[in-house]
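Protein chains: 2
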Amino acid sequence: MKNNITLEEAQSLVFDHCSVMESEQVNIKESFGRVLFEDIAAQENIPPFARSPYDGYAFRAQDTENASPTNPVILNIIDEVPAGYTSANTVESGTAVKILTGAPIPEGADAVIKFEETVILKNQVKITASFQPGENIVPAGEDVKRGTLIASKGTAITSPIMGLIAAIGQEDIAVYKIPKIAIISTGDELIDISEQLIPGKIRNTNCYTLFGNIQSIGAIPLIIGTAKDRKEEIAALIEQALDQADLVLTTGGVSVGDYDMVSRAMEYIGANLLYKKIEIKPGSATAAAVKDGKLILGLSGNPSAALTNFHLVAVPFIKKMAGRTNYLNEKIEVTLKKDFKKESPRRRFLRGRLVFEEGVSMMEPTGDQGNGILSSMIGCNILTEVPEGSGPKKSGEKLAAYLIS
Amino acid sequence: MKNNITLEEAQSLVFDHCSVMESEQVNIKESFGRVLFEDIAAQENIPPFARSPYDGYAFRAQDTENASPTNPVILNIIDEVPAGYTSANTVESGTAVKILTGAPIPEGADAVIKFEETVILKNQVKITASFQPGENIVPAGEDVKRGTLIASKGTAITSPIMGLIAAIGQEDIAVYKIPKIAIISTGDELIDISEQLIPGKIRNTNCYTLFGNIQSIGAIPLIIGTAKDRKEEIAALIEQALDQADLVLTTGGVSVGDYDMVSRAMEYIGANLLYKKIEIKPGSATAAAVKDGKLILGLSGNPSAALTNFHLVAVPFIKKMAGRTNYLNEKIEVTLKKDFKKESPRRRFLRGRLVFEEGVSMMEPTGDQGNGILSSMIGCNILTEVPEGSGPKKSGEKLAAYLIS
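Protein chains in written order, with the working numbering: chain A, 1205 to 1609; chain B, 1205 to 1609.
Don't read these hints as lab results, they were simulated from the structure.
It cannot be assumed that every hint is accurate.
No copy is singled out in the list; a pair is fine if it fits within one copy or between any two copies.
[To be verified] In the EDC-like style, the derived pairs of lysine to aspartate or glutamate whose C-alpha atoms are separated by at most 16 Å in a straight line are:
{"#": "1", "residue 1": "LYS1535", "residue 2": "GLU1562"}
{"#": "2", "residue 1": "LYS1535", "residue 2": "GLU1561"}
{"#": "3", "residue 1": "LYS1233", "residue 2": "ASP1396"}
{"#": "4", "residue 1": "LYS1349", "residue 2": "ASP1572"}
{"#": "5", "residue 1": "LYS1602", "residue 2": "GLU1561"}
{"#": "6", "residue 1": "LYS1206", "residue 2": "GLU1483"}
{"#": "7", "residue 1": "LYS1318", "residue 2": "GLU1226"}
{"#": "8", "residue 1": "LYS1330", "residue 2": "GLU1346"}
Produce the entire structure from the sequences given, and follow the hints as far as they go.
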């Protein structure tokens, strides 16, 4: 068991115990946001045939080689082809086929002229300019060429990916199963949302915040229950959670005092403790253990400490478990919009909002940075890193930040 | 009916016909992503009482006025209070109460010393430094003060908002109902995903792309069906869609040729046409009408043309209908990462990805910009605007861009 480790060591330790989910088949209509278990490649050209992007006439470019306003070419209109149909005729020299937007280019034709650029005589079309072969023709495979990879295994399915999966005629898609994440709250001080407040008690908020956070990354939250500060009671809930979920989160009971019950509960059920404490602020109080190949992650009872750890350790873990190849939080550089006046003897993560000012990515703090503050998570979409041992930071200084979801 | 209007005129015309959804009550566990129909204000302080952020001892600061290593103060420990409980004792001068993290500050005490800073004698604690009133005490309302607005009507509920709603003990929340968006596809060339491709036909992709896009903004997509290029058939599907949905989207049949069937179908059912064509590229081919107070928005059959219009007109409309006060796409400034070599006689929107390089917000194109290209919507999270009448744009130039979701 390691103690007081870096964030990267903690991530590495939990990633080592990450079992990626199994697969299942879903219909395309249920696929939005799911993670691909298969590579999606185009077995066909998209679109499947060369077509006209305009309403106009299809003809042989060579016929217009010397065409000009003073030397117009007159072609006989031999057929009309709307979108969805094909012409049975072949376009020979001296002929043209009326063609509508999206219709396939008839055999023999290799150029299209827009309707509004022509003069129509009875059954004939007059062309007054020279055309190149291929002009105004959308080639087969313009969007995606046969054999091209559309989206790779481990990618979350977005709407254009859905459209392209439809384009290749695939109704069922292999995806990773969605991880179920158990939430256990611990603490004698906690009462549930529906209960009357009495002196000394506070309502359980972490459980609902995590419930929303887990949904926001596409996983399924399961509220297991609240345990008093007794290792046996916590242990019983963890055992129950391990039966139902792929990852167990607890909140509270991970400080180093008399009521550090969660790691004792972990040991009590025979889980293998990975670490206690990470050298970050907020979120240093934490513990991680593994049992039956499943991770149990103990988060702080302080809202922002719990959430910082959740975003920096649990979210990448859950994304990795969900099969995503890009599971780490994206790291960017931001410019501070306001001073941060405190010293940072320990590596610190500030809550803030990414804003754009004249093309510069700035961090605007979302409120008070205390461990117990949840309100400054509202609107927070980046955690900005202040290195260990830093003095106060001035507005205009540049820092690394992690995008969170 | 207006023709060939600006994007802003089109938005303004549709917004004028936007009926905001009614409300319903949901349990907090179903509230993630829903839009608040009520202001959420704290009726209580969060947290409800002053508490200790550490394991330590609570005492009267005045007792330590002259305390120092050479002049220590010795206080009698009269009680112990863990989190979740209160002390029945009042801290008088010369006494202290052992206090655990999260426990309420006992009556009479106004400062806390951390465990590790004390020396414990039998039933007594030795303090060797002077403390100020309030030191190491988290005041009641530290997170949110009684009366403070937590989240206002029209805000989408995020996870920290869920946590704070739980903190004030509110189990049911008034939210706007979720809009249902009907999708109708038109075109003789379309076949469904499960059908075999035959010459001249293409598979319907727009329907599935829109299905995902509608889900991604938190609305409910309804696939109504596919109509051939006949106004009566399209009209019948629109009538059916108006019965079931809050907004009707169609794709295809909005070009200006012989097969411009959607606006004819709109007129056929007695809908009031608002406009045809918007001066943007892609996405100029479009039509909008209103019937029974509901908007019918005709999008192009070309994937990117349809989606550009969807993101710039339909998304803000749907967000407004869903009750959101911030319904417009956020506008930012980006620096081009690559040259865009074409002229832009018409106002143009480029598909790209927002990337961050050394603190600068850059636009990296996601692929080919043609009207018929869907693949370049993969990874696209901004539409970058090239003003009407622009020449080629060089990498390094700055342009406005809209964040899309």
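Violating hint indices (sorted, rising): 7 and 8
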